[in-house]
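> Throw the hints in and build the complete structure from the sequences for me.
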Amino acid sequence: MITALLLFWPALAALLVLLIKGQGAKKVAFVAALVEFAIAIVATTGFDAAGGRTQYALNLPWVENAGIGFHIGMDGISLLMVLLTTFLVPLIILSAFKHDYKNPNAFYALILFMQTGLIGVFVALDAFLFYFFWEVALIPIYFIAAIWGGANRIKVTLKFFVYTVFGSLFMLAAFVYLYFQTGATEMAAHSSDVQAFYQLALSAESQSWIFWFLFIAFAIKMPVFPFHTWQPDTYTESPAQATMLLSGIMLKMGIYGVLRWLLPVVPMGVSQWDELVLILSIIGIVYGSIIAIRQHDLKRLIAYSSIAHVGLIAAGIFTLNEQGLQGGVIQMLSHGINVTGLFFIIDIIQRRTSTREITSLGGITQNAKALSIFFMILLLGSVALPLTNGFVGEFLLLLGVYNYNAWFGAVAGLTIILSSVYMLRMFQGVMFGTKSEHTEDFTDLTFNEKAVLIPLVIMVFWIGLFPNTFLSISEPAVGNLLNIINR
Amino acid sequence: MTSIILLSVFGIVNLFVGFLKSKKILLPLALLFLIVVFGVNLLGWNNTQTYFNNMLTIDNYAVAFTGIMVLTTLLILPFSQSYIDAEDENLAEYYSLLLFSLVGAIMMVAYENLIMLFIGIEILSIAMYVLAGSNKRSLRSNEAALKYFLMGSFFTGVLLFGIVLIYGATGTFDITEIGAANVMADGTINTMFTMGLLLLVIGISFKIAAAPFHFWTPDVYEGTPTFFTTFMATVVKTAGVAAFYKLMNAAFEGSFTSWFPTVIAITVLTLVVGNIGAVIQPSVKRMLAYSSISHAGYLLMTLVAFNDLSENAIFFYSLSYAVASVISFGVLKLVEDAREGNHSFAAFNGLGKTNPLLAFVMTVSMLSLGGIPLTAGFFGKLFVFSAVIETGNLMWLVVLAVVLAAIGIYYYIKVVIAMYMQPTGENTKVPVSGFATLVLIICAALTVLLGLAPGLISNIL
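Chains C and H are the protein sequences, given in the same order.
Note that the first sequence covers residues 26 to 512 in the numbering used here.
Note that the second sequence covers residues 104 to 564 in the numbering used here.
Incorrect hints may appear among the rest.
[What the hints assert, rightly or not] No farther apart than 27 Å at their CA atoms in a straight line, the calculated lysine-lysine pairs in the DSS-like style are these: (1) H:K456 to C:K46; (2) H:K456 to C:K123; (3) H:K532 to C:K127; (4) C:K180 to H:K239; (5) C:K475 to C:K394; (6) C:K180 to C:K52; (7) C:K184 to H:K456; (8) H:K456 to H:K517; (9) H:K456 to C:K180; (10) H:K532 to C:K46; (11) H:K532 to H:K127; (12) H:K532 to H:K517; (13) H:K127 to H:K250; (14) C:K127 to H:K517; (15) H:K250 to H:K124; (16) C:K127 to H:K239; (17) H:K456 to C:K52; (18) C:K184 to H:K517; (19) C:K127 to C:K475; (20) C:K123 to C:K52; (21) C:K127 to C:K184.
Just so you know, the hints here were simulated from the structure itself, not pulled from any lab data.
Structural data, given as structure tokens:
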């Protein structure tokens, strides 16, 4: 039941917010998101990680007589993703308080509505339900980005929308195919339940093409090189909150999809193509990093760095060893937290100086001590300094890749060096040096802004210092996953 | 059967009511008639009856599709408000013609005999030829009527040739008997039979605007007054596809291998022409015309699949498409009326600001036509793809349809972009009658309801 509550509460709240005219909408939305987070905390305290079982499950028939169920529930991996989502959404809403978006009720309602889609993706245990929420999450973010975005938004978001739908339709086709493979005998009913998919015994040949049908959908969402071309433009043109939602949570949908619907369903397909995927991911790491170094626009820089980070997560997951998978899960949390924080800081800087160009900024440290400290911590988390959250994830991921193939590990390890280059170069350009005309009267953080950044920074250290809090939640579930993959 | 009789009588009554001074009563009366017919029609559920020496069968298939068509007409009628406002003296005739054409449409889904199919198509078509030209002072409307009439007559001829050849080969018009007839001679299928089959397929393909027999569609849809285009795109198409499937299922199941290559070629062409054609259209109305061609393509995919899932897939898809089309053409008509007949994308600019409700329902409709979840269109596509995938060897067709569906999203979203993201410019608020608003809300609610709980009707056939 609590899963259903988690799922529908934001949608209900969205309807409520829609009815509120004026600036009251954001307060209601914020409270609703906090309530959602509280529900998630309650779910976590009652969660028994041992054994990696699916908990809080609810299984109702959805399409009668067709074996399509409204089946939701959470195991350790889902729970962490739900926690990430419910933790970030209130902060993202709070981060928008300073903006005067027109039609605020629609804006905040769409964010909450999207939360339902995101949670749905993470808790769905039926293939068609998963696909359903996968697309439901896309509609609000498209409108947020396309209505409240920058000058070039229409063209860019159209590309984003068509590109991602294109990928997901392939996933749909694969799901339908898999659905018809269930039911061992002629008379047995078909089912789109996740367990039915896990029990399929498909030929290596069909697994091979199903792998690509599913992978394209997930790879576009993450995005993995060379399916990333929509991403930098979309991140740049979207309003800050949409960028945070996209990078902080939405790209995790792709990785989660790989974990839940790709690896265990077509293990033989994965073993045929994992090397190619690793190579693509590692190209993505190096490519994203090198392009990030050349960027002058802060948002674009972080967008490309995100490609690099996600490349490493993808590489780690496709190694199919425990370090890689666990590293992937924990890095999903860390990346979500860090990238949301960084995009928020960019938003703060842009709002005060009306520019994102590194060359026209500088000297901010002299005026804004608090901002500098928060910025530095999030940045160090991002470059994986020990004691921060990024270190735990990247260490495990690199270990996983190294165990798979030492050479791959060596090239992927470049990410640590390259990310320090572009991140520190950015910090230097923006925060140090002489003040420019834009940063002349830069004011330090307000109370609201601190309220967003403090929880994020706490999480940076929490995951960095006590990663076991989170690793222990996902470990049994990851173990289960590996058992299914290696059966 | 009762619904056919009722509709005919109501149509005549309507004509006489048209002699009254006050035209105010016409619309409520027509709606009342349709509600009665809808209810009476449902009484035939699970109560199969045959009539006229086995010429017509009212079975669940006929009842289900009659239900869709009557419901659609019911939802379309309130958009005739502009004719009422203009005190159009022919209003009674329009309503009557719509009711009469429904009679033809019902015969097309209930026929047991090729002659009845032919008569049904003719009753439907002749009414449509007249309605296409109903805007007598418009050159485009006249062109549409003439084009539709000439092309329609030509392809009716083709259809009739087909029926005759089939008769020659089998000695019967009855579709069940045709199905049972032995048309194999020396291990090969009778040539006359194959020719007749091919001509029948071509004739019906024209009626549902499948490529390469679609060339009339954009011009006719554009020239015809939008109110009647809505009817063409929904009721006529539903009737055509249902008749097509019934024909193949009852009469030509045994000769699957001889018609399959033709039908799959038509399907692929229709999908490609419809979707690619829609991308480059400058006006919303023409875009919707091409999109209706593409939807004929998706519906034909069920015929290509030709298995136990096809019937329900056609039913669900037709209903979701019809409801979404009532919204899209309905909003188009309202916008067009307010913008002096302009039906370009620019006419929709800023609709999200001037008429938030219209923009919202139009968005629901576009998402449904594009097949995005939360809407009925998603499950329509899912069921159609399911039917094809179940055959096991047509994965390439699904891939093609998937790619084209993604292209479809592009042109549907263009409307949404115009409504929400373009400046309003000189566009003013579009006046909407309360009746039309109600219908639009019902259609949008139905679209979302079927998008959330498709199980309600997905398995009824």
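> List, from low to high, the hint numbers that the structure doesn't satisfy.
4, 6, 13, 15, 16
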